[in-house]
Amino acid sequence: MSALRQIFALTLMGLSTLPQRLASSLVIVVGIAGVAGVLVSLLAMRDGFQTTLGATGRIDEAIVLRGGSNTELSSRLTREDATLIAQAPGILAGPDQWPLISAEVVVIVNLPKKSTGTDSNVEVRGVGPQALALRAQVKISQGRAFAAGRRELLVGRGAASQFSGLTVGSTIKLAGEPWAVVGLFESGDAHESEIWADAESVQSAYRRDGYQSVRVKLTDALAFNEFKAALAADPRLKVDVQRTRNYYATQSQRLRRLIDVLATTVAVIMAIGATFGALNTMYAAVATRQREIAIMRALGFASFSIVAAVMVEAIALALTGGLLGAGLAWLVFDNYTVSTLGANFSQVVFAFRVSPMLVGDALRWALAIGFLGGLLPALGAARAPLTSALRGR
Amino acid sequence: MKYLGLVLAGLLRHRSRSLLTFASVMTAFVLFGVLDGVRTVFSEGTDTSGQDRLIVTSRLSIIEPLPYSQLARIAAIDGVQQIAHANWFGGVYQDRKNFFPNIAVSADEWLAIHPEITLTAAERDAFLTTRTAALAGENLVDRFGWKVGERIPLEGTIFPNKSGSNSWTFDLVGVMRSGQDEGSGFANELIFRYDYFDEGRTQGQGTVGWYVVRIADPARSNDVAQAIDALFRNSDAETKTQSEKEFNLAFAKQFGDIGLIVSAIMAAVFFTVLLVTGNTMAQGVRERAGDIAILKTLGFSGVTVCLLIVTESLLLLLAGGCAGLGLAALGLPALSRALRGQLPPLEVSVDTWLIGLAIMLVLGLVVGVPPAVRALRLRIVDALARA
Numbered sequence: 001m002s003a004l005r006q007i008f009a010l011t012l013m014g015l016s017t018l019p020q021r022l023a024s025s026l027v028i029v030v031g032i033a034g035v036a037g038v039l040v041s042l043l044a045m046r047d048g049f050q051t052t053l054g055a056t057g058r059i060d061e062a063i064v065l066r067g068g069s070n071t072e073l074s075s076r077l078t079r080e081d082a083t084l085i086a087q088a089p090g091i092l093a094g095p096d097q098w099p100l101i102s103a104e105v106v107v108i109v110n111l112p113k114k115s116t117g118t119d120s121n122v123e124v125r126g127v128g129p130q131a132l133a134l135r136a137q138v139k140i141s142q143g144r145a146f147a148a149g150r151r152e153l154l155v156g157r158g159a160a161s162q163f164s165g166l167t168v169g170s171t172i173k174l175a176g177e178p179w180a181v182v183g184l185f186e187s188g189d190a191h192e193s194e195i196w197a198d199a200e201s202v203q204s205a206y207r208r209d210g211y212q213s214v215r216v217k218l219t220d221a222l223a224f225n226e227f228k229a230a231l232a233a234d235p236r237l238k239v240d241v242q243r244t245r246n247y248y249a250t251q252s253q254r255l256r257r258l259i260d261v262l263a264t265t266v267a268v269i270m271a272i273g274a275t276f277g278a279l280n281t282m283y284a285a286v287a288t289r290q291r292e293i294a295i296m297r298a299l300g301f302a303s304f305s306i307v308a309a310v311m312v313e314a315i316a317l318a319l320t321g322g323l324l325g326a327g328l329a330w331l332v333f334d335n336y337t338v339s340t341l342g343a344n345f346s347q348v349v350f351a352f353r354v355s356p357m358l359v360g361d362a363l364r365w366a367l368a369i370g371f372l373g374g375l376l377p378a379l380g381a382a383r384a385p386l387t388s389a390l391r392g393r
Numbered sequence: 001m002k003y004l005g006l007v008l009a010g011l012l013r014h015r016s017r018s019l020l021t022f023a024s025v026m027t028a029f030v031l032f033g034v035l036d037g038v039r040t041v042f043s044e045g046t047d048t049s050g051q052d053r054l055i056v057t058s059r060l061s062i063i064e065p066l067p068y069s070q071l072a073r074i075a076a077i078d079g080v081q082q083i084a085h086a087n088w089f090g091g092v093y094q095d096r097k098n099f100f101p102n103i104a105v106s107a108d109e110w111l112a113i114h115p116e117i118t119l120t121a122a123e124r125d126a127f128l129t130t131r132t133a134a135l136a137g138e139n140l141v142d143r144f145g146w147k148v149g150e151r152i153p154l155e156g157t158i159f160p161n162k163s164g165s166n167s168w169t170f171d172l173v174g175v176m177r178s179g180q181d182e183g184s185g186f187a188n189e190l191i192f193r194y195d196y197f198d199e200g201r202t203q204g205q206g207t208v209g210w211y212v213v214r215i216a217d218p219a220r221s222n223d224v225a226q227a228i229d230a231l232f233r234n235s236d237a238e239t240k241t242q243s244e245k246e247f248n249l250a251f252a253k254q255f256g257d258i259g260l261i262v263s264a265i266m267a268a269v270f271f272t273v274l275l276v277t278g279n280t281m282a283q284g285v286r287e288r289a290g291d292i293a294i295l296k297t298l299g300f301s302g303v304t305v306c307l308l309i310v311t312e313s314l315l316l317l318l319a320g321g322c323a324g325l326g327l328a329a330l331g332l333p334a335l336s337r338a339l340r341g342q343l344p345p346l347e348v349s350v351d352t353w354l355i356g357l358a359i360m361l362v363l364g365l366v367v368g369v370p371p372a373v374r375a376l377r378l379r380i381v382d383a384l385a386r387a
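Protein chains in written order, with the numbering used here: chain A, 1 to 393; chain B, 1 to 387.
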């Protein structure tokens, strides 16, 4: 009990002299705020990317590609393939009894990115009439869907935010001809980076005959095996079948790893640097209070209490810094939208996500840095020979 | 030079403090080395030797093919010296994680237009005479341990071949090395012959992915680019012509503004270093007020004392900074390995060293000058009285 009282008294005294050591204490706070801020921002980027790609695709939805092609862009299916696929078992029927299946053609167009003004590869997806019924997550938030056979575009929210000229009512040129933007959609997944149109219109504009992929909604997740086996057994088809959940997970693998390795490397190096900085500052703080601490020890305060009080101070400063940095990162970067080149050779738009868990992570790092930074100086202060410390040497 | 002892004495007066400051500076520059390496890879992409080369792609997008018939018409344009063509193959070696660019090229013209690709005469001959020949960049050969003479199987993800499968096999006849010390774009590429590819594929025969054009006068590159695009305007296959450098930059920019991200992180880091070292230096000089007063009493001028302190801080920054960049140079290959070839090899380039040295000098001055000025103004009597 008395140990606690001692620690309390010492901590209070330490904190009351803090204003005199404001500059050097701020060094700890700002240093750790920097680490926490960068850490949270980088991990928010990683999490945002994972959330967007991870939320794309379902286990009761399948994508059919030409055998051996990794991405939609490198795949080609003929009209006959699409018809054969539609006859396979396991496909869910829509409200109007038509199977929920969409043969889709994917092309890339050059559109200027708002942030840089340079051309970027944006994915235009020509979809079948059942595409919206198939993907229940797609909601039209503004305007309407494109009409069959017309040169009209339904633009994903992410694409509209990143690339120029995609507001409802405007017209852009694709394949040398004008197309009207008639609507905006939200889906909360990677489709938001795309521009949708009628498959027939895209085929005719780009002089394409076949498709890139066929997507089907399965009666349930288990029907996948039956569907896949039926396509594999058909000698007229040479296709790969995947659940869309797996397809998008594989698509983002490379980029996820890249972001993961880089973010972790940077965070670890910064944390090491911050620990050195905290050590330095706490040594300095203890040095200026050397005489005062020695007097306390002479008065009978236990070494343990002194160590604890110094560490409480270091940890308090570190946590303040951690909160400050994480808070700043949250203010600036939560929902900050960026885009990068994804696996399908086209832009993926995603938003940074600063979750409470990330803030918790940052505070844990701050705590660790404060602990390490306080421990050695505190031990030093408690061990210094009393007589010379009292003389201030 | 004769004051070196004094400077060192200043640094060693409080050993653990100097060591910790050194360590924080070092860590900051390790980070700088790593991030600037990443930035260089994204912003520069390849070397700048292609000043006299233009890249002609479809105006619709980079994936739209162009008809082979355009080749002769482009070659006839005034100012065009040479033209080569290429097609992205997108083949996978063993596992799709082993990504590297593999491209079908017009063999003779491609080598002529890229003089920076260094080959032995035997390798060149073999590539020009063997239909199934392929050349691999030096980094790629190291990565997979390939030997010249080996057969390299690739699974074509875009192009099935006429035998009805996706398997293509190439004979590795040589290694593309760059004459320069800096890694070039082709160090991670595999190229093979367009004629073999075009005959073997089942679709898109007679089309090419892009043309590379060599122009006589780099100063006229804009004019020639416009002339090429004008030639095909309103045709079925409109073109978009850029200098090779513009093309690479535009492609790198598609990954996002890496330069901006790196600058933001480094600004936060260096600001912190500034605070930590500044604080340490200031405190050091405060504690040494007595010593400084004695130096002045002995006849050292204020300016000399001032210089001593600035030198001390410069020395600390330079030592820490160089150690940090050195560590980064040692550590980057490990990071490259952890990324499994998803980025070209990372390195601390000469430019990074130069920028780093400049930052060290500036930080050293910013940190050293305020306490030095305080030492200059220090009144001997006051300082001695306090001591």
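Just so you know, these hints were derived from the structure itself, not from any lab. Please read all numbers here as calculations on a predicted model, not as lab measurements. Hints may contain errors.
Said to hold, decoys possible - Distance condition first, Cα-Cα at most 25 Å in a straight line; then the derived DSS-like pairs of lysine-lysine:
no.	chain 1	residue 1	chain 2	residue 2
1	A	114	B	2
2	A	114	B	147
3	A	238	A	228
4	B	245	A	113
5	A	173	A	114
6	A	113	B	240
7	B	147	B	97
8	B	97	A	238
9	A	238	B	240
10	A	173	B	240
11	A	113	A	173
12	B	245	B	2
As the list claims (entries may be wrong) - Only some residues are given here: those of chain A computed to face chain B with a beta carbon under 8 Å:
no.	residue
13	20
14	22
15	24
16	109
17	118
18	254
19	270
20	283
21	320
22	324
We put the beta carbon where it would ideally sit given N, CA and C, even for glycine.
Hints, one by one, checked against the model:
no.	hint	verdict
1	A:114 x B:2	59 Å, violated
2	A:114 x B:147	46 Å, violated
3	A:238 x A:228	12 Å, holds
4	B:245 x A:113	19 Å, holds
5	A:173 x A:114	17 Å, holds
6	A:113 x B:240	17 Å, holds
7	B:147 x B:97	21 Å, holds
8	B:97 x A:238	23 Å, holds
9	A:238 x B:240	35 Å, violated
10	A:173 x B:240	15 Å, holds
11	A:113 x A:173	15 Å, holds
12	B:245 x B:2	51 Å, violated
13	20	13 Å, violated
14	22	11 Å, violated
15	24	5 Å, holds
16	109	5 Å, holds
17	118	5 Å, holds
18	254	6 Å, holds
19	270	6 Å, holds
20	283	6 Å, holds
21	320	15 Å, violated
22	324	12 Å, violated
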